[in-house]
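*Asks:* Each chain, letter by letter, is given below.
There are 2 protein chains.
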Amino acid sequence: MTANKIFEELNPPPRLMMGPGPVNVDPRVLNAMSMPLLGQFDPAFTEYMDEVMVLYRQIFQTENRWTFLIDGTARAAIETFMVSTIEPGDKVLVPVFGRFGHLLTEIAERCAADVEIIEVEWGEVFEPQQIEDAVKRVRPKIVAMCQGDTSTTVAQPLAEIGEICARYDALSYVDATASLVGMDLPVDNWKIDCVSVSLQKCLAGPPGIAPITFNDRVAEIVNRRKHIEKGIRPDGFEAAGGPMVSSNYFDLGMLMDYWSEARLNHHTEATSMLYAARECARVVLKEGLQPCFNRHALASKAMVAGLEGLGLTVFGDKSHKMPNVTGVYIPDGIDGDEGEMVRSEMLHDFGIEIGTSFGPLHGKIWRIGAMGYNCQKHNILTCLAALEATLRQHKVKMPAGGGVDAALAEYRAAGQ
Amino acid sequence: MTANKIFEELNPPPRLMMGPGPVNVDPRVLNAMSMPLLGQFDPAFTEYMDEVMVLYRQIFQTENRWTFLIDGTARAAIETFMVSTIEPGDKVLVPVFGRFGHLLTEIAERCAADVEIIEVEWGEVFEPQQIEDAVKRVRPKIVAMCQGDTSTTVAQPLAEIGEICARYDALSYVDATASLVGMDLPVDNWKIDCVSVSLQKCLAGPPGIAPITFNDRVAEIVNRRKHIEKGIRPDGFEAAGGPMVSSNYFDLGMLMDYWSEARLNHHTEATSMLYAARECARVVLKEGLQPCFNRHALASKAMVAGLEGLGLTVFGDKSHKMPNVTGVYIPDGIDGDEGEMVRSEMLHDFGIEIGTSFGPLHGKIWRIGAMGYNCQKHNILTCLAALEATLRQHKVKMPAGGGVDAALAEYRAAGQ
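Protein chains in written order, with my numbering: chain Z, 1 to 416; chain G, 1 to 416.
Hints should not be assumed to be uniformly reliable.
Copies of one chain are not kept apart here, so a pair can be met inside one copy or by any two copies together.
As the list claims (entries may be wrong) - Listed next, the in silico EDC-like pairs over lysine to aspartate or glutamate satisfying Cα-Cα at most 16 Å (straight line):
(1) Lys286 / Glu9
(2) Lys364 / Glu340
(3) Lys5 / Asp50
(4) Lys91 / Asp335
(5) Lys230 / Asp50
(6) Lys5 / Glu47
(7) Lys141 / Asp90
(8) Lys301 / Glu47
(9) Lys136 / Asp50
(10) Lys5 / Glu51
(11) Lys91 / Asp257
(12) Lys230 / Glu119
(13) Lys5 / Glu287
(14) Lys5 / Glu121
(15) Lys397 / Glu121
(16) Lys377 / Asp42
(17) Lys141 / Glu308
(18) Lys226 / Asp257
(19) Lys141 / Asp169
Read the hints as simulated data drawn from the structure, not as lab findings.
Being a predicted model, the structure only gives us computed values, none of them experimental.
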């Protein structure tokens, strides 16, 4: 047998991750992940599961009983909601304002939905009336959309959407992965039926587990398809009449049985990721939701001021900009591959990651994030200083120190 | 706003997890999970992805290019294989010898397969001839089975199965979650087309990420359904003609694009869990596969000797017993709920978790695991001593110290 090739000990280079996410994880969350495991039905562990439900109800500002975790990345939770509620041929309306609207569309199509989309230019959002008109015309079972679409750095106002959907008997689903706790999303007040997210943006956790919340309207639809696996099925159980959900892993009904006092075995809960999710919520709730929103809003103001202070142009409809990510046009004179070169020099010379972009914006803008644990003054200033220095290597003309000055002024004005 | 309820700091009680898994995670793996994150396209991170592929090729004893991770628990990887290869109406044969055979059946059914099962009593395994006869009769596209089914503590010999399947042009899939690195599974030598696992058994990691390997026969079938998401689709790309995989998250073709040099964005890889998977493999490969198998085999011998030394009866066909988990009949005089009381006293008084059982074995046997990091002499002895003491509280008559004596004798005989 040849010798095993086991590589070096894990030693990730230090990075300041100022892209659209994942971002640096809060050290308290990293610590939580190194805690010893518990068995999945250990009373100490099921208590942690229950606590996670209570914590995320507060994060989602909801009374929804069904508030728990999906063991996968953000899109796993989207798919869980869709595959468990959509029956073949059901109408789904997706207002698309960026790449992740296309993702919602694609997942719905794979669930055999009859999908209609409405679209605005990347960088813009919908008027509530446009959505109401589309709902009236399509009469969908589900309206699915993003709150913030990081691909375009703008956020759709959602305060009226839940109400509009309810009026036409449609379920409203929101993917708030990119925005949750970076801006307000009062799930119950806004009457949104289901919201899912993941940890690696403003929640300052690692990717790989996805909190979800949904109300009784959703639960009722799911329960029409209720099923229990052979091998753990109680005597006398009869499946509900609806078509079986085409996924076992994402069958919400079975997940509800696992997360409720029934505690029916399904998958083995991802223990360490649950620890991470629990700690992410504790960190945010300890700060408080409103202070957390404020921190992101101030960082956004500072970042915009800083970029403009360097003479750069911020992308998109500023009145609907996501607070936690800022698009900035790649300046004149930096063409084609040179934009990628700048990003790579930022990484290589300063250890700072900023984001590229997709689709129609590819090669036109960079995306700079400041969210979760990274959403702190010193990171904004460091990033602006490094960007200035790097662009200077490429002969871009800028007011010296204009980025840091302008950003710092915003923080000073806020008394920080 | 009412005060936030944030609970206590995470502080899991110390447990020795001697159930069928999850088990205690190797501290080196816990450490790896607390390392800082990297961006998903950071060159340092994609290098770790490539290293993970090299490491798991060694773990699976394969040259398969396609050897990577699925971001979910064990059943996520099963579903990934099935949903990406099964088209509606395809025939799938599942030889069922325990609960996890039923799980394979159920997942295949949800993928709209035409499933046939063959069954043996729980505690027994199949003769290769039985499987060949069924393959000949059913002519399935896929034969799916477990290596070890923890629900029954026995392992199916697989050396001839790949060859049989190949002869009848069927794909062979093996769920080795419960057994990998606890016993031999030379994927290439045994001509198995696809194998998937997860970390929380003999690999001594946390649940939540699932290594998979598959060969070109599988890749070819997957590629007939190749698809790329709108929003990241290169100009001029045309989807292959086959029916679209009904899951986005589990679309193997897209996962291959993410894990290859194409590096097309799909989900955001679960960074910390990838770190864990990398470290699990390094730990096993540092020990060596054969020493790791030997360690599990010796622990199994010691555990069996110890249980018999206490006058207890081991469950199932001992010649096919899984080395890492041992079923033991609940002794006479301990009836009904008292069996659960014993388990709960073991947990409460000694901090030791042993397993209950499912289906026809429920209330009849306990399942005691010794795998991965926990598969060490002192854990076997401690568990036997605690079991004796606990059973003694329930007036079960046993030779005093008979468990530890017999187990220790096995270790001494092996020079340990």
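*Asks:* All hints are to be evaluated individually against the structure, with a verdict given for each.
*Replies:* Going through the hints against the structure:
no., hint, in the structure
1, Lys286 / Glu9, "between (35 Å within a copy, 12 Å between copies)"
2, Lys364 / Glu340, "within (11 Å within a copy, 63 Å between copies)"
3, Lys5 / Asp50, "between (42 Å within a copy, 13 Å between copies)"
4, Lys91 / Asp335, "neither (43 Å within a copy, 54 Å between copies)"
5, Lys230 / Asp50, "neither (26 Å within a copy, 38 Å between copies)"
6, Lys5 / Glu47, "between (41 Å within a copy, 15 Å between copies)"
7, Lys141 / Asp90, "within (6 Å within a copy, 31 Å between copies)"
8, Lys301 / Glu47, "neither (41 Å within a copy, 36 Å between copies)"
9, Lys136 / Asp50, "neither (39 Å within a copy, 50 Å between copies)"
10, Lys5 / Glu51, "between (42 Å within a copy, 9 Å between copies)"
11, Lys91 / Asp257, "neither (28 Å within a copy, 30 Å between copies)"
12, Lys230 / Glu119, "between (44 Å within a copy, 14 Å between copies)"
13, Lys5 / Glu287, "between (45 Å within a copy, 12 Å between copies)"
14, Lys5 / Glu121, "neither (50 Å within a copy, 42 Å between copies)"
15, Lys397 / Glu121, "neither (30 Å within a copy, 78 Å between copies)"
16, Lys377 / Asp42, "neither (42 Å within a copy, 24 Å between copies)"
17, Lys141 / Glu308, "neither (44 Å within a copy, 61 Å between copies)"
18, Lys226 / Asp257, "within (10 Å within a copy, 35 Å between copies)"
19, Lys141 / Asp169, "within (7 Å within a copy, 43 Å between copies)"
In the structure shown, a violation is registered for the earlier hints numbered 4, 5, 8, 9, 11, 14, 15, 16, 17, in ascending order.
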